[in-house]
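K.L.:
Take a look at the letters that make up each chain.
2 protein chains.
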Amino acid sequence: MKRLGKYTFTFESAPAILSGAGSVGKAEGEGPLAHEFDFINENDGVGASTWEKAEASLVRQAVTLAIDKARLTPAEIDVAFAGDLLNQCTASTFGFRELQIPLAGLFGACSTFALALFMAALFVDGGYAKHALAEASSHFCSAEKQFRMPLEYGGQRPQTAQRTVTGAGACIVGAKGTGPRIVRGCVGRITDMDVSDPANMGAAMAPAAAATIGEYLLDTKTVPEDYDLILTGDLGSVGAALMRDLLRSDYGCDPGAVHNDCGLMVFDAKKQDVHAGGSGCGCSAAVFSTKILRELSNGTLSRVLFAGTGALMSPLTTLQGESIPCICHAVELAGGERRL
Amino acid sequence: MKRLGKYTFTFESAPAILSGAGSVGKAEGEGPLAHEFDFINENDGVGASTWEKAEASLVRQAVTLAIDKARLTPAEIDVAFAGDLLNQCTASTFGFRELQIPLAGLFGACSTFALALFMAALFVDGGYAKHALAEASSHFCSAEKQFRMPLEYGGQRPQTAQRTVTGAGACIVGAKGTGPRIVRGCVGRITDMDVSDPANMGAAMAPAAAATIGEYLLDTKTVPEDYDLILTGDLGSVGAALMRDLLRSDYGCDPGAVHNDCGLMVFDAKKQDVHAGGSGCGCSAAVFSTKILRELSNGTLSRVLFAGTGALMSPLTTLQGESIPCICHAVELAGGERRL
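Sequence order for the protein chains is A and B.
Residues 211 to 550 in my numbering are what the first sequence spells out, letter by letter.
Residues 211 to 550 in my numbering are what the second sequence spells out, letter by letter.
Derived by calculation from the structure, the hints in this document are not laboratory data.
Where hints are given, some of them may not hold.
It does not matter which identical chain is meant; a pair holds if it fits inside one copy or across any two.
[Claimed, not checked] Calculated pairs, SDA-like style, for lysine to any residue (alpha carbon to alpha carbon, straight line, at most 20 Å): (1) K431 <-> S459; (2) K431 <-> E222; (3) K212 <-> S223; (4) K386 <-> R213.
Predicted model, so just to flag it, every value in this text is computed and none were measured.
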């Protein structure tokens, strides 16, 4: 069995991430990671007639650029894993519509990119694919319209709320070639600690993040200090603090110095009106596929645990009085050519 | 590479389906497969306060029974693949909420169960899981409410429309043990032939089914007559006829005598008011996990190609004038202990 401990899958061949690309919107292009992204769309409409079609355009931008960067063609991608937040995951479907790539649709809310990367690594490691693609997207305007209020209402949101990132990120994982390695991973279990406020999803997701990271550390017999970075995506400021508290109380470890969160990295909370930070499938997808991948490639980072978190509610389940079930999927990355 | 031809994945260890269970609603329990299902809920409310919670209850029924039948506990399931039609796939999330099983959410509309079975087989074949679970669900009332009209409107639907099955199906795939074998599979590509009528999804999905089945036959150098059954799920009467036409014209083969469709099997079209037949993720999930699995086990069937089809639109994409992108994922089954 290619397993370690209770929940950890091992990828003995350590598949390489051959390339990555991130395409984002205007606000993300005004944030601290502006210089990292491949595409910054000056207008969040991305030349499309609706927000949903704009999100599908972001998907196409990220996917085609990631394939180009790996010097491949769509026909050389054996399988793609993709997902988004829209009802029936239509940003992914319409983004991939013309590409003729075998497509396995995923749903994991904001954990989707980590799950997609896990799947791509497993298919390559198992010898089922030479090249696998992982992608995820979100769009501030399509998400606000679907999950909260039409933008035109100008609704006020509490400080615990996060801003959905307009962006898509894609990575190509390959059996041969150079690049950061995916060495292990973990599929999360649903955790529901009875948080029911959809304007505070960081608090809802924190226990899922703590459970996955805590069990991963136990399975791998590692401590936070073994990593250069434990990267969550996307807990925001409220959820990140709660997650660190839970790891201390439940698992007796403190990721303090090595922990960061994609939702805290993508915007400048002091200058940009983003409340608790960024969120959405596209947040960790775009941040991971650009900045993190670059730092793993150039040696700035050599060991990273990337844990994507998702709040698996819908507006309807909230109206029906349900709490918010959450999940966290994780992959461990090794910089450059390092293998386990 | 564990591959054959252009699109076919091979599972050399031929993982076994250790058990299956199907739980359905009242109309399905009055149809020709009534004697096949494990649970027939006399009331489609399944004792829950909303249709969505009822669907989550169907998920729990099918999952827990499939685990019981395999003489396992939830803690022995290494990974589950599940999905449904509800926005943000909440039937799966809430159905699995208390089970503490690592859960990878899938989205493939009505193709979800075939994709889940493919994933479960690959994880077991690759040595990543001892036991993997595949599950999918749908509910007539939650689907009508979300995709079409509230039931109370009593809206008329055209004869090309299909009736969403109220049901869930689950299978346990294992590395050891007896049962029908999953020997190969295929992840589909999006096919969109510009059909835009959401009341005729059979026509929209037929080209995707023909493309996946046609390429699968080419990859494996087989002809329809090599199979006891080529089972689509769920094209209904309109889509099934179109799919056979397309296989004849595009691939020069005729699956006539060996083709059947879960949507045509689950209801009695003459006696039940179901128009073009059944549909929904739960249709092929419940039919496959009961009748088909039983016939593969007892030798009635020895070689089956199961091709799940999905229409990947949302009500919003239809309102925005988009055609319906479709997909078809396939797995090949071998009866009893037979291996390739």
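K.L.:
For each hint, tell me whether it holds in the structure or not.
P.N.:
Going through the hints against the structure:
no. : hint          : in the structure
1   : K431 <-> S459 : within (18 Å within a copy, 59 Å between copies)
2   : K431 <-> E222 : within (17 Å within a copy, 33 Å between copies)
3   : K212 <-> S223 : both (11 Å within a copy, 15 Å between copies)
4   : K386 <-> R213 : between (23 Å within a copy, 17 Å between copies)
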